[in-house]
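S.K.: Now for the letters of each chain:
Protein chains: 2
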Amino acid sequence: MAGAQDQALGAFLDDLASERPTPGGGGAAAISGAMGAALVSMVCNLTIGKPKYVEVEADLKAVLEKSEKLRAELTKAIEDDVQAFDAVMGAYGLPKGENDEAKAARTAKIQAALKEATDVPLECAKLCAEVVKLAEETADKGNLNVISDAGVAVQSAYAGLLSAALNVRVNAASIKDRDFADGRLADLEALLGSAATTTAKTYDVVKSKIG
Amino acid sequence: MAGAQDQALGAFLDDLASERPTPGGGGAAAISGAMGAALVSMVCNLTIGKPKYVEVEADLKAVLEKSEKLRAELTKAIEDDVQAFDAVMGAYGLPKGENDEAKAARTAKIQAALKEATDVPLECAKLCAEVVKLAEETADKGNLNVISDAGVAVQSAYAGLLSAALNVRVNAASIKDRDFADGRLADLEALLGSAATTTAKTYDVVKSKIG
Numbered sequence: 007m008a009g010a011q012d013q014a015l016g017a018f019l020d021d022l023a024s025e026r027p028t029p030g031g032g033g034a035a036a037i038s039g040a041m042g043a044a045l046v047s048m049v050c051n052l053t054i055g056k057p058k059y060v061e062v063e064a065d066l067k068a069v070l071e072k073s074e075k076l077r078a079e080l081t082k083a084i085e086d087d088v089q090a091f092d093a094v095m096g097a098y099g100l101p102k103g104e105n106d107e108a109k110a111a112r113t114a115k116i117q118a119a120l121k122e123a124t125d126v127p128l129e130c131a132k133l134c135a136e137v138v139k140l141a142e143e144t145a146d147k148g149n150l151n152v153i154s155d156a157g158v159a160v161q162s163a164y165a166g167l168l169s170a171a172l173n174v175r176v177n178a179a180s181i182k183d184r185d186f187a188d189g190r191l192a193d194l195e196a197l198l199g200s201a202a203t204t205t206a207k208t209y210d211v212v213k214s215k216i217g
Numbered sequence: 007m008a009g010a011q012d013q014a015l016g017a018f019l020d021d022l023a024s025e026r027p028t029p030g031g032g033g034a035a036a037i038s039g040a041m042g043a044a045l046v047s048m049v050c051n052l053t054i055g056k057p058k059y060v061e062v063e064a065d066l067k068a069v070l071e072k073s074e075k076l077r078a079e080l081t082k083a084i085e086d087d088v089q090a091f092d093a094v095m096g097a098y099g100l101p102k103g104e105n106d107e108a109k110a111a112r113t114a115k116i117q118a119a120l121k122e123a124t125d126v127p128l129e130c131a132k133l134c135a136e137v138v139k140l141a142e143e144t145a146d147k148g149n150l151n152v153i154s155d156a157g158v159a160v161q162s163a164y165a166g167l168l169s170a171a172l173n174v175r176v177n178a179a180s181i182k183d184r185d186f187a188d189g190r191l192a193d194l195e196a197l198l199g200s201a202a203t204t205t206a207k208t209y210d211v212v213k214s215k216i217g
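Residue numbers (this note's numbering), protein chains in the order written: chain A, 7 to 217; chain B, 7 to 217.
In case anyone wonders, no lab produced these hints; they're calculated from the structure. Model, not experiment: these values are computed from the prediction. Don't take every hint at face value.
Which copy is meant is left open, because identical chains are indistinguishable; a pair holds if it fits in one copy or across any two.
Unchecked claim - 27 Å max Cα-Cα, derived DSS-like pairs, lysine-lysine:
no.	residue 1	residue 2
1	K207	K182
2	K139	K109
3	K213	K139
4	K132	K207
5	K215	K147
6	K139	K115
7	K147	K56
8	K139	K182
9	K72	K109
10	K132	K213
11	K72	K182
12	K82	K109
13	K56	K75
14	K207	K75
15	K75	K139
16	K182	K215
17	K56	K102
18	K213	K121
19	K121	K215
20	K115	K182
21	K67	K115
22	K115	K215
23	K58	K102
24	K207	K115
25	K132	K56
26	K56	K82
27	K75	K182
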């Protein structure tokens, strides 16, 4: 099967706009995060090796290694989202069952799929939050000639986080195991609070450097 | 020439991450906006024709027509950004000239390219701001089953606007015609102020509907 990364950008946008439920917001969230990671990498690549930036070279090599790993994981997350969604739809589509045992089995499958469909965007949210942190370091240390790209990186990654967060919430809302759901929502809130502060600070740093 | 929309998503992300200066933040901004427009269209497509939503059908048909137009314009904006950047780099790369006349001619070409490279992301910012407004209407009226996608739409479009804004600023900063630059920066501030409010309100509406 060809992965999402093999699809042409225009065709992907056509699919996103169509009445088909996937790709949807979960895939867009992963792409936003992946674009953020790619732009962190770009700023690192345009800083490493420049004599003027020799003092931060080791730091930005470490950032680049992490951002490229995150980019690969976020690209993969586009497909994870489709699979998690399909599993939920598949479980809801099972025959409703004619006795209590069959009904309980269907419910259990739906609930298991909903838990997975909560964890998949939560993982995407975590990856986006990591990109936000790398963008902060890149905005502090990167080549001034491309520092605006570090600002775009942080906004793309933060939008990915806010977008993934909606998919965590929408699936967590249907989960009967409230300990599970509340735990995941608490993890999400912690990510969001920290990333909001870092994003605002990083965007301001970039604005002051280019202004 | 094959357009950006014909490039595979993974290859685009590879190019974005590379040490080549384009595609960069300007292209990412346009894609964020295009994803926002596509998700507005998706919610419209999944609402139009549903008996439960017959009362908003005419409104969402009008939204869909606009969002599809904006999606096409934002997809085109990916390439406009590359061309505007290349024109600036080309002008800076001209021979510096051995007399005042030649020097003045080079400066004039650089300044003209910088004005274009300010107007191109400002146009992208305007398109993204239009998507933000459509996402607001979609979040108010769209099918509840996919309302989270309206929330992703608004965050994608707003990230596109904030990203394009950095490219407006970075080019406006080098323009000697301060009336031109200040006018464009004032236009930008007006877009940003309005979109920030609409984005926060729309995201909250979506959260309350799914929570």
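S.K.: Each of the hints needs a verdict: does it hold here or not?
M.R.: Verification of the supplied hints:
{"no.": "1", "hint": "K207 to K182", "verdict": "neither (38 Å within a copy, 29 Å between copies)"}
{"no.": "2", "hint": "K139 to K109", "verdict": "neither (46 Å within a copy, 44 Å between copies)"}
{"no.": "3", "hint": "K213 to K139", "verdict": "both (17 Å within a copy, 25 Å between copies)"}
{"no.": "4", "hint": "K132 to K207", "verdict": "both (19 Å within a copy, 24 Å between copies)"}
{"no.": "5", "hint": "K215 to K147", "verdict": "within (11 Å within a copy, 41 Å between copies)"}
{"no.": "6", "hint": "K139 to K115", "verdict": "neither (37 Å within a copy, 39 Å between copies)"}
{"no.": "7", "hint": "K147 to K56", "verdict": "within (12 Å within a copy, 52 Å between copies)"}
{"no.": "8", "hint": "K139 to K182", "verdict": "neither (34 Å within a copy, 35 Å between copies)"}
{"no.": "9", "hint": "K72 to K109", "verdict": "neither (46 Å within a copy, 45 Å between copies)"}
{"no.": "10", "hint": "K132 to K213", "verdict": "both (26 Å within a copy, 19 Å between copies)"}
{"no.": "11", "hint": "K72 to K182", "verdict": "neither (36 Å within a copy, 40 Å between copies)"}
{"no.": "12", "hint": "K82 to K109", "verdict": "neither (34 Å within a copy, 51 Å between copies)"}
{"no.": "13", "hint": "K56 to K75", "verdict": "within (23 Å within a copy, 43 Å between copies)"}
{"no.": "14", "hint": "K207 to K75", "verdict": "within (24 Å within a copy, 34 Å between copies)"}
{"no.": "15", "hint": "K75 to K139", "verdict": "within (14 Å within a copy, 35 Å between copies)"}
{"no.": "16", "hint": "K182 to K215", "verdict": "between (49 Å within a copy, 19 Å between copies)"}
{"no.": "17", "hint": "K56 to K102", "verdict": "between (64 Å within a copy, 24 Å between copies)"}
{"no.": "18", "hint": "K213 to K121", "verdict": "between (40 Å within a copy, 19 Å between copies)"}
{"no.": "19", "hint": "K121 to K215", "verdict": "between (43 Å within a copy, 20 Å between copies)"}
{"no.": "20", "hint": "K115 to K182", "verdict": "within (12 Å within a copy, 65 Å between copies)"}
{"no.": "21", "hint": "K67 to K115", "verdict": "neither (45 Å within a copy, 37 Å between copies)"}
{"no.": "22", "hint": "K115 to K215", "verdict": "between (53 Å within a copy, 25 Å between copies)"}
{"no.": "23", "hint": "K58 to K102", "verdict": "between (67 Å within a copy, 24 Å between copies)"}
{"no.": "24", "hint": "K207 to K115", "verdict": "neither (43 Å within a copy, 36 Å between copies)"}
{"no.": "25", "hint": "K132 to K56", "verdict": "neither (32 Å within a copy, 36 Å between copies)"}
{"no.": "26", "hint": "K56 to K82", "verdict": "neither (32 Å within a copy, 33 Å between copies)"}
{"no.": "27", "hint": "K75 to K182", "verdict": "neither (35 Å within a copy, 42 Å between copies)"}
This entry does not satisfy hints 1, 2, 6, 8, 9, 11, 12, 21, 24, 25, 26 and 27, going by the numbered hints stated previously.
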